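Visitor: If you read the protein sequences in the order shown, they are chains A and B.
Using the numbering used here, the first residue of the first sequence is number 1, and each one after it goes up by one.
Using the numbering used here, the first residue of the second sequence is number 1, and each one after it goes up by one.
Careful, some of the hints might be misleading.
Stated by the list, open to error - Think about it this way: if two alpha-carbon atoms lie no more than 25 Å apart in a straight line, the pair counts; the simulated SDA-like pairs of lysine to any residue are:
no., chain 1, residue 1, chain 2, residue 2
1, A, Lys179, B, Glu18
2, A, Lys179, B, Ala108
3, B, Lys179, A, Asp168
4, A, Lys115, B, Met143
5, B, Lys95, A, Tyr82
6, A, Lys179, A, Ile109
7, B, Lys179, A, Tyr175
8, B, Lys179, A, Ala172
9, A, Lys179, B, Met143
10, B, Lys179, A, Gly135
11, B, Lys95, A, Lys115
12, A, Lys95, A, Gly21
13, A, Lys115, A, Ala144
14, A, Lys179, B, Glu165
15, A, Lys179, B, Gln142
16, B, Lys95, A, Leu96
17, B, Lys95, A, Asn161
18, A, Lys179, B, Glu66
19, A, Lys179, A, Tyr82
20, B, Lys115, B, Glu165
21, B, Lys179, A, Arg181
22, A, Lys179, A, Arg65
23, B, Lys179, A, Ala108
24, A, Lys95, B, Thr79
25, B, Lys95, A, Lys179
26, A, Lys95, B, Lys179
FYI, nobody ran anything at the bench for these hints, they're computed from the structure.
Fair warning: this is a prediction, and the values are worked out from it, not measured in the lab.
Below, each chain spelled out in residue letters.
2 protein chains.
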Amino acid sequence: MRADARDNRARIMAAANEVFGRSPSASTDDVARLAGVGIATVFRHFPTKVELLEAVLTLRLERIREDALAAADSTDPGTAFYRFFTAVVADSASKLAIAEALTTAGAAIGEDARKAGRGMREAIEGLLLAAQRAGAVRADAQMAEVYALLVGASRGATATNLQPEVRDRMLALIYDGLKPRS
Amino acid sequence: MRADARDNRARIMAAANEVFGRSPSASTDDVARLAGVGIATVFRHFPTKVELLEAVLTLRLERIREDALAAADSTDPGTAFYRFFTAVVADSASKLAIAEALTTAGAAIGEDARKAGRGMREAIEGLLLAAQRAGAVRADAQMAEVYALLVGASRGATATNLQPEVRDRMLALIYDGLKPRS
């Protein structure tokens with residue numbers, strides 16, 4: 001791919017991330033407008049809206065994976081674990097909107113996003129183990145229920161349109177449950 | 001309404017609760033078949049699928065309200081609070097399916113269900129206060145974040161299709177966060 005084509009692709013994906021993250025029912029036209037390219041350019045890179053949404057969702061999941069890897073590698077994985085959890089929940093509304101846009105477009109989650117989702121889960125599990133080794137998360141909490149809590153907190157915050165301060169108080173309750181019994 | 005019409009209405013609603021709770025895309029035909037009445041009888045009571053869904057959702061919310069009131073009134077509201085929380089989460093998949101069916105049918109939640117939802121929230125708040133007075137829930141937890149936790153746990157369990165044992169371990173973490181610090 002030539003450099004200007006790569007630039008266009010990156011701009012389209014950044015615009016799609018923003019547009020569909022705000023509104024699942026947005027159109028490809030809205031994306032082209034924000035990216036400052038013609039609609040034909042969008043379709044050259046992403047022949048269908050589903051392919052564009054899938055690419056954006058995959059990128060989002062890969063970024064969460066990278067954040068989890070960086071947190072697990074940090075000098076204080078315990079603090080990094082709770083910071084990561086908070087960031088994922090705070091950022092979930094637009095990610096869920098993109099997933100919803102895919103469903104509305106009649107598409108099941110495709111192989112790329114599925115693979116990115118598996119990579120993300122593995123990285124989060126690595127972070128959980130690092131935080132447990134650091135003594136910041138109780139040792140008997142397993143990945144399955146911690147992940148369910150993360151998904152639940154994200155969906156709860158989005159579904160009920162939580163005020164940031166209520167969301168933080170909800171997370172404080174969850175974190176007290178995750179911390180080792182003193 | 002005559003007694004047999006009342007019976008039919010109750011049978012249609014029970015059938016709709018089951019059918020739409022299993023599959024949001026079910027049809028009114030499926031409901032008529034399970035209720036053992038003709039489709040014309042269904043339409044006489046509920047001229048549109050939206051009205052039927054709305055009636056079923058309202059009934060569900062009213063039942064949760066009654067359960068919360070009974071729990072708050074019991075001799076051990078602390079234990080009853082956690083039992084109520086668990087039952088709502090365990091039962092949430094079919095309730096969310098009915099709400100989803102309403103959205104898919106293109107309807108916003110109507111006034112009846114909205115009013116039932118408000119009544120339910122008030123009853124849950126009463127139960128929370130009773131559990132706090134009994135010393136079973138920390139005094140600094142407010143209704144907003146406890147309700148967000150309840151919604152989040154329900155949606156998390158449904159979205160990730162949790163095994164019952166993972167759901168119970170997730171709830172155990174949440175409950176440890178809700179219990180007073182010892």
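Visitor: Run every hint past the structure and note whether it holds.
Guide: Comparing the hints with the structure gives:
1. A:Lys179 x B:Glu18: Since the Cα atoms of Lys179 (chain A) and Glu18 (chain B) sit roughly 40 Å apart, the hinted pair is violated (cutoff 25 Å).
2. A:Lys179 x B:Ala108: violated, 40 Å
3. B:Lys179 x A:Asp168: holds, 18 Å
4. A:Lys115 x B:Met143: Between Lys115 (chain A) and Met143 (chain B) the Cα gap is close to 38 Å, so the pair fails against 25 Å, i.e. violated.
5. B:Lys95 x A:Tyr82: Violated - the C-alpha atoms of Tyr82 (chain A) and Lys95 (chain B) are around 31 Å apart, more than 25 Å.
6. A:Lys179 x A:Ile109: violated, 34 Å
7. B:Lys179 x A:Tyr175: With Cα atoms ~13 Å apart, Lys179 (chain B) and Tyr175 (chain A) stay inside 25 Å; holds.
8. B:Lys179 x A:Ala172: holds, 13 Å
9. A:Lys179 x B:Met143: The given pair, whose Cα atoms are some 22 Å apart, holds under the 25 Å limit.
10. B:Lys179 x A:Gly135: It holds: about 21 Å lies between the C-alpha atoms, which stays within 25 Å.
11. B:Lys95 x A:Lys115: Cα-Cα ~31 Å, so violated.
12. A:Lys95 x A:Gly21: Distance of about 6 Å is within 25 Å: holds.
13. A:Lys115 x A:Ala144: holds, 18 Å
14. A:Lys179 x B:Glu165: Given pair Lys179 (chain A), Glu165 (chain B) holds - Cα atoms ~21 Å apart, limit 25 Å.
15. A:Lys179 x B:Gln142: Measuring from Cα to Cα gives roughly 20 Å; hence the hint holds.
16. B:Lys95 x A:Leu96: Holds, at roughly 20 Å.
17. B:Lys95 x A:Asn161: Given that 25 Å is the threshold and the Cα spacing comes to 19 Å, the pair holds.
18. A:Lys179 x B:Glu66: violated, 34 Å
19. A:Lys179 x A:Tyr82: holds, 10 Å
20. B:Lys115 x B:Glu165: Violated, because 34 Å separates the two Cα atoms, which is more than 25 Å.
21. B:Lys179 x A:Arg181: holds, 12 Å
22. A:Lys179 x A:Arg65: holds, 23 Å
23. B:Lys179 x A:Ala108: violated, 40 Å
24. A:Lys95 x B:Thr79: Answer violated: Lys95 (chain A) to Thr79 (chain B) is near 37 Å, above 25 Å.
25. B:Lys95 x A:Lys179: violated, 32 Å
26. A:Lys95 x B:Lys179: Violated, at about 32 Å.
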